[in-house]
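Go by the hints and put chain R onto chain Y.
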Amino acid sequence: MIVDVNAYLGHFAFRRLRHNTAASLLELMDSKRIDKAIVSSASAITYRNAQAGNEEVAEEVRGHSDRLIPFAVINPFYAGWKDDLKICHEEFGMAGLRLYPKWHNYQLSSPCCRELMNAATERGMVISIPIRAEDNRQRSWLLNVPDVPLEEIVELVKAHPKARFILLNGIGYTGCPLGRKDNGLPSNYTIELSRLSAVLANELGQLITNLGAERVMFGTGMPFKYPDPALAKLEVLDASESDKEKIRSRNAMTWLSL
Amino acid sequence: MAIPQIASGPPAPQPHVTRRTLLKGAAATAAAMGVAALPSASAVVELPAPGTSSGPFRKGKVIDCHAHLTHRSRATWEADDRKLIEAADKLGIDQLCCSTLTPRRPATADGFRQCNRWTADGMRRFPGRVLGYCYVNPGYGREALEEIRHCVGDRGFIGVKLYNEYTCTEPVVFPIVELTIELGVPVLQHASHSHYFVQDQPRMSDGGHLAELARRYPEAMLICAHISGGGDWEWTIKALRHAPNVLLDTSGSVTDEGTVEMAAAVVGVDRLLFGCDSSMTAGIGKIRGADLSAQDKQKILGGNMMRLLRRRKS
Chain Y
1 MIVDVNAYLG HFAFRRLRHN TAASLLELMD SKRIDKAIVS SASAITYRNA
51 QAGNEEVAEE VRGHSDRLIP FAVINPFYAG WKDDLKICHE EFGMAGLRLY
101 PKWHNYQLSS PCCRELMNAA TERGMVISIP IRAEDNRQRS WLLNVPDVPL
151 EEIVELVKAH PKARFILLNG IGYTGCPLGR KDNGLPSNYT IELSRLSAVL
201 ANELGQLITN LGAERVMFGT GMPFKYPDPA LAKLEVLDAS ESDKEKIRSR
251 NAMTWLSL
Chain R
259 MAIPQIASGP PAPQPHVTRR TLLKGAAATA AAMGVAALPS ASAVVELPAP
309 GTSSGPFRKG KVIDCHAHLT HRSRATWEAD DRKLIEAADK LGIDQLCCST
359 LTPRRPATAD GFRQCNRWTA DGMRRFPGRV LGYCYVNPGY GREALEEIRH
409 CVGDRGFIGV KLYNEYTCTE PVVFPIVELT IELGVPVLQH ASHSHYFVQD
459 QPRMSDGGHL AELARRYPEA MLICAHISGG GDWEWTIKAL RHAPNVLLDT
509 SGSVTDEGTV EMAAAVVGVD RLLFGCDSSM TAGIGKIRGA DLSAQDKQKI
559 LGGNMMRLLR RRKS
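Protein chains in written order, with the numbering used here: chain Y, 1 to 258; chain R, 259 to 572.
The shape of chain Y in the complex, shown without the other chains:
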């Protein structure tokens, strides 16, 4: 069983994506033997009204709820976000959030965002934060969106100990408290592996040593990214089969009660 906690549907404003419909993503997943994937709207990254992207995803995944697990993109500074959250959770069955503080231009520490964290936590929703949407060096001439600094994530997980976070598309965790052993932080976050090295510096192995295999999850970033590099990391990772199984699926299944 493989569960991908980092997948997307829809269009991205700055590059054509393939495999971005439910049907074509499932076809890709079949070819890679990926059983389930958490998906959110790629369009909602740049839509002003992110809820339109959530509606598109809800429509796409209809009939595929056994394999595609939708997450909502919510901007806590946009009018009506509380209504959107309620609809996404109660009507669309979205089990978690994807937040883009830099793309949507807000601070994770702002009162509005804290209110969103609390509301999502009360609903039992998982909160995932992509550290980046794409490599900043290939950015459009129109904008310059930085990665979410890991220091801001440190403050976030401390401020919301009861929330559950999945950190996506990140790297360099071992260089900050998030990836260090006995870091004094709550164990309320897990780290997705798509950008982590599994050889040479082997940040993935270091995270397993420092935090435990329970704190790492498999993710690909498809269809932004090829799924194969993430699969190759699991192949070459020097870890027990039991630990690999946790990373491959068990941790995500537990967090999402699948």
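Watch out, some of these pointers could steer you wrong.
Claimed, not checked - As a list, the in silico DSBU-like pairs of lysine-lysine whose alpha-carbon atoms are at most 35 Å apart:
id	chain 1	residue 1	chain 2	residue 2
1	Y	K244	Y	K102
2	Y	K86	Y	K158
3	R	K319	Y	K244
4	R	K319	R	K341
5	Y	K162	Y	K86
6	Y	K244	Y	K181
7	R	K319	R	K496
8	R	K341	Y	K181
9	Y	K102	Y	K181
10	Y	K244	R	K341
11	R	K496	Y	K102
12	Y	K102	Y	K86
Stated by the list, open to error - Stretch by stretch, here's where chain Y covers chain R in the computed footprint (C-beta under 8 Å, at least three residues):
id	region
13	338–350
14	464–477
Rather than coming from a laboratory, the hints here were simulated on the basis of the structure.
Please read all numbers here as calculations on a predicted model, not as lab measurements.
We put the CB at the ideal spot given by N, CA and C, even for glycine.
Below, chain R without anything else, positioned relative to chain Y:
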């Protein structure tokens, strides 16, 4: 240890003979015979990754066209070099075309000569696994040319690595390119294209510069480094469409889906070279994931680089 197949619903396939197993076996046999531990690639048969091709295929040599040995100012250089080879073993990479770069640029003549001595030493420490690029700063003129002649002629280096000391269209670079034409070896040119000025690399080359250089020297074998190195890869691929003597190195940390397929469609699969530039699973993964035939993938993984290396004149 065999690399396990990751399976989901269907029963897990029986462990199959992998390239890694065979590499290790070949290495042990070779070591016992006292010869270089380079496997006979033509004997290897590997099952393709699920969904990437229609059946088993005969696999040829896999050559990483863009790799680096560690500068020895770093205390862990020896272990780091060994880790590179171990990573190559795990991922089924037979050979790595390596340069050693100075930690800071512009490199001095002493600096690049020292790097090249270390690269030559790396070729001795990992015989048959490490192939050497001669790194020079073209600004040193005669000294740079002498170093290339020494490295290619006497040390068996396979090509020249140019970094960002000069944009590749600057006249100071021309004698270097002319010498590589004389020797029949490629130039791997550091390159990227961003839609903003890269402050710390003001003389960065991009695909457009390489296309211009290729028009000036149609006999040269030019390699545009790491099209997945962070810049706008769609721009780079399009800029190189009409530059038939520029090959595109697929290395870099970016694993955007569709990169390899677009490159194959625009410039042709014969002009693509597999590389990692230290992003090992990214390098292998994007070739595995590309929607291309097994034969085309083999060209990218090693066939095209082999073809390039056979053009050496001495």
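Results of checking the hints against the structure:
1. Y/K244 - Y/K102: holds, 32 Å
2. Y/K86 - Y/K158: holds, 25 Å
3. R/K319 - Y/K244: Within the cut-off at roughly 30 Å; holds.
4. R/K319 - R/K341: Answer holds: R/K319 to R/K341 is near 20 Å, not above 35 Å.
5. Y/K162 - Y/K86: holds, 20 Å
6. Y/K244 - Y/K181: Cα-Cα ~20 Å, so holds.
7. R/K319 - R/K496: holds, 29 Å
8. R/K341 - Y/K181: holds, 24 Å
9. Y/K102 - Y/K181: Distance ~28 Å between Y/K102 and Y/K181 Cα, so the pair holds.
10. Y/K244 - R/K341: holds, 22 Å
11. R/K496 - Y/K102: holds, 30 Å
12. Y/K102 - Y/K86: holds, 23 Å
13. 338–350: It holds: at least three residues are needed, and the region 338–350 of chain R offers 7 whose Cβ sits within less than 8 Å of chain Y.
14. 464–477: It is violated: at least three residues are needed, and the region 464–477 of chain R offers just 0 whose Cβ sits closer than 8 Å to chain Y.
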